[in-house]
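Protein sequences, first through last, are from chains A and B. The working numbering applies: residue 23 is where the first sequence begins, and numbers increase by one. The working numbering applies: residue 23 is where the second sequence begins, and numbers increase by one.
Simulated from the structure, these hints should not be mistaken for lab results. Keep in mind that the hints are not guaranteed to be accurate.
Since the list can't tell identical chains apart, any single copy or any two copies may satisfy a pair.
[Unchecked claim] Listed next, the in silico SDA-like pairs over lysine to any residue satisfying Cα-Cα at most 20 angstroms (straight line): (1) Lys374 / Ser357; (2) Lys385 / Leu230; (3) Lys105 / Gly88; (4) Lys133 / Leu229; (5) Lys234 / Lys480; (6) Lys195 / Thr221; (7) Lys195 / Ile220; (8) Lys380 / Arg259; (9) Lys200 / Lys219; (10) Lys105 / Asn148; (11) Lys379 / Tyr130; (12) Lys222 / Lys519; (13) Lys115 / Thr80.
One-letter residues, chain by chain:
Number of protein chains: 2
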Amino acid sequence: MSNILRIKRSLISVSDKGKIVPFAKDLAKEGIEIISTGNTFKELKKNKINVKKIEEVTFFPEILSGRVKTLHPKIFGGILANKLDQSHARQLKQHSILEIQLVVVNLYPFKETIKISNNVNKCIENIDIGGPSLIRAAAKNFLSTAIITDKDDYKKVINEIKKLGGISIELRKFLALKAFKKTMQYDNAIFNWFSNKITKNQEEYLLLEGEKIDDLRYGENPHQAASIFSFNNNKKRFFKQLNGKALSFNNLNDLRAGLSLLAEFKNPTAVIIKHAIPCGVAETNNIYNSWMKACQADELSAFGGVVALNGNVDKKLAIKLSSIFLEVIAAKAFSKEALEVLNKKKNLRVIKILGFKKFKKEKPQSIITMPDIFLVQNRDTSNITKKNIKVVSKKKPTSRELDDLIFANKVVKHVRSNAIVLAKNKITLGIGSGNTSRVDSVNFAIQKSKRANSKNKKNFLSGSVMASDAFFPFPDSITLAYKAGVKSIIQPGGSLKDNLVIKEVDEKKLSMVFSFKRSFSH
Amino acid sequence: MSNILRIKRSLISVSDKGKIVPFAKDLAKEGIEIISTGNTFKELKKNKINVKKIEEVTFFPEILSGRVKTLHPKIFGGILANKLDQSHARQLKQHSILEIQLVVVNLYPFKETIKISNNVNKCIENIDIGGPSLIRAAAKNFLSTAIITDKDDYKKVINEIKKLGGISIELRKFLALKAFKKTMQYDNAIFNWFSNKITKNQEEYLLLEGEKIDDLRYGENPHQAASIFSFNNNKKRFFKQLNGKALSFNNLNDLRAGLSLLAEFKNPTAVIIKHAIPCGVAETNNIYNSWMKACQADELSAFGGVVALNGNVDKKLAIKLSSIFLEVIAAKAFSKEALEVLNKKKNLRVIKILGFKKFKKEKPQSIITMPDIFLVQNRDTSNITKKNIKVVSKKKPTSRELDDLIFANKVVKHVRSNAIVLAKNKITLGIGSGNTSRVDSVNFAIQKSKRANSKNKKNFLSGSVMASDAFFPFPDSITLAYKAGVKSIIQPGGSLKDNLVIKEVDEKKLSMVFSFKRSFSH
């Protein structure tokens with residue numbers, strides 16, 4: 023039983039007093055002596071718990087408005103002594119230091135304070151000094167001392183004391199790990215606040231911090247281990263799953279891609295993602311039509327896709343959605359009847375999206391890791407509208423073409439570079455993505471369009487528009503697009519050969535606008 | 023001058039004693055009283071510096087093998103008192119506490135100890151308790167106290183004391199921020215070690231920690247802010263830049279992609295990357311030939327590419343490399359003559375690669391951030407050789423075809439899904455990447471091959487091999503490849519329709535092997 027630590031004496035100093043009274047009562051009932059500070063002492067005393075004031079141990083008063091209470095060798099000696107070391111035992115005796123086997127501390131609410139207060143002095147006053155010192159001392163000495171920093175652990179501890187007569191080494195290790203995590207997170211919050219508010223010296227240091235929510239079955243491939251982490255302590259997510267198998271790594275990445283694209287649109291819009299690239303996007307006046315058009319844009323690719331809709335799914339739409347094989351359906355909301363339809367497919371992942379707007383923000387930044395270093399960048403929040411483009415051709419786009427250009431440009435931003443999008447009536451017709459030469463992307467976007475519309479007898483590309491994520495280095499892409507039926511083009515401009523490109527546009531009697539914003543995405 | 027803190031008394035307790043003697047001498051010369059602990063006291067005394075033992079202040083000895091030295095209200099009161107608060111001043115007087123305006127502390131070498139020792143007790147003994155308490159107390163009270171945690175700051179501080187008669191508020195803020203960073207990093211190291219060694223509870227919590235090396239000019243696009251961070255305090259990088267403009271965000275990402283691919287090869291191999299995708303790869307018996315073949319594989323795409331070579335660049339190769347426009351040339355080494363040739367192009371980024379092997383490891387993990395959550399996964403370190411594949415067709419691949427299959431499979435692993443690679447004689451002929459339908463990727467790989475080899479009159483695809491990063495859902499891709507001249511195929515297998523796919527392979531008298539490893543990359 024040497025792995026069980028018998029508790030004779032406990033120090034309790036808590037800022038958050040939740041659950042502390044019943045716990046202290048339980049400790050007292052087990053014959054454990056309690057030492058306590060300031061307000062904790064008062065609270066316990068008020069509840070008729072037998073408790074000793076810390077001054078009775080240190081023979082030194084609390085001073086400096088509570089800044090110095092526990093920082094005394096009589097306390098730290100009692101916590102830090104190695105209870106197996108005889109010389110330590112002798113020294114405790116010599117200096118009349120009492121052994122403390124259990125430390126219960128939670129910290130001044132620094133994080134909570136900075137959230138509600140801009141008063142710098144008040145925030146500084148909430149930087150706890152004694153608390154982290156006690157916590158770290160007890161955690162370091164977990165072989166001889168137990169440390170509780172979380173009120174949710176009171177029950178575990180009292181249960182062991184009742185059952186085992188003390189606290190097991192396993193629980194002490196668990197509690198010590200939690201303790202170091204707490205002090206690390208606490209100082210992380212202080213550091214971030216300090217660098218923001220005091221030195222205004224932001225981001226010289228980056229710390230990405232997360233709690234694991236779950237291990238994923240695997241990553242991009244079955245032989246890659248992967249996990250999902252939460253930025254928040256509350257483990258919030260931007261979605262709620264209503265049906266189906268657990269989301270895979272690739273599902274989540276596709277959802278990210280789909281919602282980033284969807285966040286560009288206000289009108290009812292449907293997006294279908296495969297391999298983190300859109301294969302069909304449509305913006306219409308109602309979400310049912312948008313889905314029908316997006317799906318028809320490339321039915322072959324839509325198979326097994328991840329769908330994102332910025333509208334509500336009713337029964338009629340649910341029936342349509344469930345008529346083809348999809349991996350994930352994400353939407354703003356689902357009617358009860360729609361869910362009844364979709365839930366019949368046990369595996370179909372049905373996702374309610376909770377935060378569209380979050381996908382419009384610069385943060386969280388994206389991160390690319392490599393050996394030794396990593397790159398961090400803000401997300402691309404650029405927004406191209408009719409107001410910030412410029413017609414550079416002799417011919418002006420028609421009003422319908424303008425709408426299509428803006429639409430196609432929103433989509434091309436989310437296609438892998440080199441990216442080309444062909445569209446008409448706010449429906450994608452062909453998407454060229456991930457090619458190492460721009461003219462290949464134009465060529466393949468046209469071919470995909472033909473493949474996807476092979477049943478369609480009309481010349482469906484006639485009157486279409488084309489968006490490019492970066493400038494055209496040569497006029498050859500224009501010639502190809504013209505032959506396919508494209509009438510208007512949007513691109514950032516900026517090539518050395520812009521004049522040749524514009525010349526070709528004018529010769530072919532097309533129109534072209536510059537967006538002045540490149541939108542590479544790799 | 024109220025922003026200048028006059029220093030009358032200083033506490034020095036340092037584990038790393040570098041530079042401390044001259045600094046303490048300087049302080050003493052300025053009439054500053056010095057209080058010190060154990061070994062620091064001895065070191066200063068030995069050097070004839072006038073110094074007071076901490077026990078003379080606390081009237082309490084160091085106890086518990088040095089575990090408790092400074093944790094005393096006479097010390098913390100002196101550090102934490104608000105020097106503008108009259109009630110604080112009265113309390114100091116009442117308890118005969120001496121004001122301390124300067125704290126100089128560095129911590130037990132925990133990180134260094136865990137690197138060299140597996141002795142758990144020794145590591146635990148190196149968890150500093152008093153040090154972080156002093157540091158945090160002084161940093162919290164930066165309005166009244168200065169804290170030095172880095173010996174490189176001694177000079178800054180003594181210069182101000184000499185020049186201004188004290189330490190400015192700006193410097194105190196800077197030092198306090200550094201102090202909180204230090205305690206945060208210290209506890210981060212303890213937490214990680216503890217979770218690894220003591221609770222074996224790894225990665226429930228992830229903390230990505232980095233020092234900013236530089237702000238990049240911009241990210242993927244000019245309107246995105248981006249920075250480069252180092253995982254290490256020593257700011258090590260996997261490369262050394264020998265010439266040219268600063269590496270851009272996209273250059274670095276391309277380098278990452280190129281070196282990840284290059285790390286698959288032992289023989290002399292050349293890789294050309296555009297938009298984080300390979301556009302030409304060749305493996306031969308010498309690096310000159312590899313470059314020539316890789317470049318010829320798709321000359322159009324190679325323009326403006328990032329080149330990675332696992333060999334040494336001599337003058338002959340340098341002349342060839344500098345004959346086309348490239349963004350980056352990365353290689354194992356460059357001869358003096360080669361550098362003379364390359365350095366003539368002022369902008370050309372010339373990179374010496376320092377750590378190929380680092381690109382073969384599972385860590386650092388890759389990270390995908392999104393609102394609320396982020397995904398973390400190990401890198402794909404799978405290695406497909408002749409030993410772990412299985413022939414599933416009636417016909418067996420020839421020895422030459424087998425070599426090409428392994429080659430093509432190494433490349434396809436690093437192409438965006440859906441990925442198809444056509445190759446022959448260990449040279450890529452056509453790369454289909456980033457398509458939402460697999461048959462599109464096959465089709466476009468063939469077309470790219472034709473476009474890239476248009477000058478080549480022979481039927482260059484005849485006798486080639488094809489690699490696919492995931493299974494073929496239908497036999498249509500096989501038919502297409504057959505018609506183009508492909509003779510052998512490698513793919514992971516695992517489709518419901520594998521039997522139909524194999525049937526088509528057999529009917530067309532092709533050979534096919536399964537790798538049993540999918541290699542999606544998005």
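Hint check results:
1. With identical chains, the CA atoms of Lys374 and Ser357 are at most 20 angstroms apart within one copy only, with a shortest distance of 11 angstroms there and 59 angstroms across copies.
2. For a Cα distance limit of 20 angstroms, the shortest separation of Lys385 from Leu230 qualifies both inside one copy, at 12 angstroms, and across copies, at 16 angstroms.
3. Taking the shortest Cα distances, Lys105 and Gly88 sit within 20 angstroms of each other only across copies (15 angstroms), while inside one copy they are farther apart (30 angstroms).
4. Taking the shortest alpha-carbon separations for Lys133 and Leu229, both the intra-copy value of 16 angstroms and the inter-copy value of 18 angstroms come in at or below 20 angstroms.
5. For the homomeric pair Lys234 and Lys480, neither the shortest alpha-carbon distance inside one copy (53 angstroms) nor that between copies (56 angstroms) is at most 20 angstroms.
6. Proximity of Lys195 to Thr221 under the C-alpha cut-off of 20 angstroms is restricted to the inter-copy arrangement: shortest distance 6 angstroms between copies versus 37 angstroms within a copy.
7. Taking the shortest alpha-carbon separations for Lys195 and Ile220, only the inter-copy value of 7 angstroms comes in at or below 20 angstroms, while the best intra-copy value is 36 angstroms.
8. Within a single copy, Lys380 and Arg259 get their C-alpha atoms as close as 11 angstroms, which meets the 20 angstroms cut-off; across copies the closest is 34 angstroms, which misses it.
9. Taking identical chains as interchangeable, the C-alpha atoms of Lys200 and Lys219 lie at most 20 angstroms apart only when they sit on different chains, with a minimum of 14 angstroms there against 28 angstroms within one chain.
10. When the C-alpha separation of Lys105 and Asn148 is checked against a cutoff of 20 angstroms, the pair qualifies only between copies, where the shortest distance is 18 angstroms, while the shortest distance within a copy is 33 angstroms.
11. In this assembly of identical chains, the alpha carbons of Lys379 and Tyr130 never lie at most 20 angstroms apart, being 33 angstroms within a copy and 47 angstroms across copies at closest.
12. For a Cα distance limit of 20 angstroms, the shortest separation of Lys222 from Lys519 qualifies neither inside one copy, at 44 angstroms, nor across copies, at 60 angstroms.
13. Proximity of Lys115 to Thr80 under the C-alpha cut-off of 20 angstroms is found in both arrangements, the shortest distances being 15 angstroms within a copy and 19 angstroms between copies.
Hints 5, 11, 12, counting from the list given before, are not met by this structure.
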